[in-house]
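Enquirer: The chain contents come next:
Number of protein chains: 2
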Amino acid sequence: MREEEIKNLIDFMKQLGYNFCDPKLLFTALCHSSYAHEERQRGRKDVESNERLEFLGDAVVDFLIAEHLYKNYPQSPEGVMSKIKAAAASEDALALIAKDIGLNRHIFLGHGEELNNGRERESILSGALEALAAALYLDGGMKPVKEILVPHMVRYIEQIAAGNIVFDHKTALQELAQEKYKTLPEYVLVREEGPAHMKKFFVEVRLKGRSLATGEGSSIKDAEKNAARLALERLKEMED
Amino acid sequence: MREEEIKNLIDFMKQLGYNFCDPKLLFTALCHSSYAHEERQRGRKDVESNERLEFLGDAVVDFLIAEHLYKNYPQSPEGVMSKIKAAAASEDALALIAKDIGLNRHIFLGHGEELNNGRERESILSGALEALAAALYLDGGMKPVKEILVPHMVRYIEQIAAGNIVFDHKTALQELAQEKYKTLPEYVLVREEGPAHMKKFFVEVRLKGRSLATGEGSSIKDAEKNAARLALERLKEMED
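Chains A and B are the protein sequences, given in the same order.
Start counting the first sequence at 1381; every next residue gets the next number (the numbering used here).
Start counting the second sequence at 1381; every next residue gets the next number (the numbering used here).
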């Protein structure tokens, strides 16, 4: 690691109030694929992107939210808990938590992404937050994740449960489709563009086989979300 | 609990090699909603369906599969792990595990579901398996889940990773269609039969407007899955 990278890690660990036994885990959690790609092109071999950690962290976050809901909302049936979980684990919510804990200032980004406003992008922020959850879990078990990240999740869970925030356009579209059209929206990846490290995805959302909208995004998830948001707008227009 | 219910629990705990500190957790994990519904109509208040446990267990299973993949497939990028996880956590795979551990013989089902062949239904089997994972977790932490259920999951993960089993027929068909025919399969609901509580759905899958197969199922999802499976078989026959 370079000196300024190490400095960044030390700053962030202070802010978190947690010292990693294996700081390399934290380093990897903070490395966006655009940074890993650039650094590897420069010949460095010690830089891995946070994508594999994000994969594990996604499951860690889901599990902790599910456990919190199961234990603290004993009167809520499965359907209600599922909805709250979908919103609390959404990119939007996780991106907010990333900002709450100052993670956005510590992510390592490639130059292109930095110029492209990547530090504000929800997919990048939420991905890094999931990667951080995995890094904490691998470093110290569930305990540090519960102490450091879960309190933030709980704050959003409570607001979502109280109906004070709506995060999830996909869920909103699904509910509308079921209620009004007795069917479920279908998301189909229709196109991919660009080189591997700057891919764009285009997802079409359909209702009963009919295309409603196409969303684009830097991940399939993002593209789906955008498609759902556009579809909701379109359905509203059709109603009016 | 009734005597025959307790007997059933004892039998199953012997089979699992695990004694629950709180057998009520196991009882709830085994209670399908159809059974809980019938028993509550008879005035019993101690019977809860396994749906809330299924919600938590879904996240427990996902997390354990993700952790296994992260630790044991260090060379696999996120996309590959995601595909394997989707297949390993699919209803099909979890229903097979439910049969492997004999869970199918111990589920409490309502009379209607029993007559309707519910004991063979994948959604019921996989739901009960997830509920069992949650019950084990709540009773003894991750340890019993890892000892009792994870080895079964690993067996399927290995077969999926080696390409020996395909669980997610819809994804497999989509990939094949994109690769070979530069198009996406289209699913069309062509018919519904039967009364509301015992509906059958028929979904046709088409490639470039041409019908490939029709699948039936007790839900649209099931019917689509069956259609995809049949379509894959048909495409293979056409190749041979």
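Some clues are possibly wrong.
Any copy will do: because identical chains look the same in the list, a pair fits if it lies in one copy or spans two.
[What the hints assert, rightly or not] Using 30 Å as the maximum straight-line C-alpha spacing, the simulated DSS-like pairs for lysine-lysine come out as follows:
{"#": "1", "residue 1": "K1562", "residue 2": "K1523"}
{"#": "2", "residue 1": "K1404", "residue 2": "K1463"}
{"#": "3", "residue 1": "K1616", "residue 2": "K1562"}
{"#": "4", "residue 1": "K1451", "residue 2": "K1404"}
{"#": "5", "residue 1": "K1526", "residue 2": "K1404"}
{"#": "6", "residue 1": "K1526", "residue 2": "K1616"}
{"#": "7", "residue 1": "K1394", "residue 2": "K1425"}
{"#": "8", "residue 1": "K1526", "residue 2": "K1387"}
{"#": "9", "residue 1": "K1526", "residue 2": "K1425"}
{"#": "10", "residue 1": "K1451", "residue 2": "K1560"}
Simulated from the structure, these hints should not be mistaken for laboratory data.
Enquirer: Please go over all the hints and tell whether each is borne out by the structure.
Expert: Each hint tested on the structure:
no. : hint           : in the structure
1   : K1562 to K1523 : neither (43 Å within a copy, 42 Å between copies)
2   : K1404 to K1463 : between (35 Å within a copy, 27 Å between copies)
3   : K1616 to K1562 : within (17 Å within a copy, 33 Å between copies)
4   : K1451 to K1404 : between (34 Å within a copy, 16 Å between copies)
5   : K1526 to K1404 : both (21 Å within a copy, 27 Å between copies)
6   : K1526 to K1616 : neither (38 Å within a copy, 48 Å between copies)
7   : K1394 to K1425 : within (27 Å within a copy, 51 Å between copies)
8   : K1526 to K1387 : within (26 Å within a copy, 38 Å between copies)
9   : K1526 to K1425 : neither (32 Å within a copy, 34 Å between copies)
10  : K1451 to K1560 : neither (33 Å within a copy, 45 Å between copies)
In summary, the structure is inconsistent with hints 1, 6, 9 and 10 from the numbered list given earlier, while agreeing with the others.
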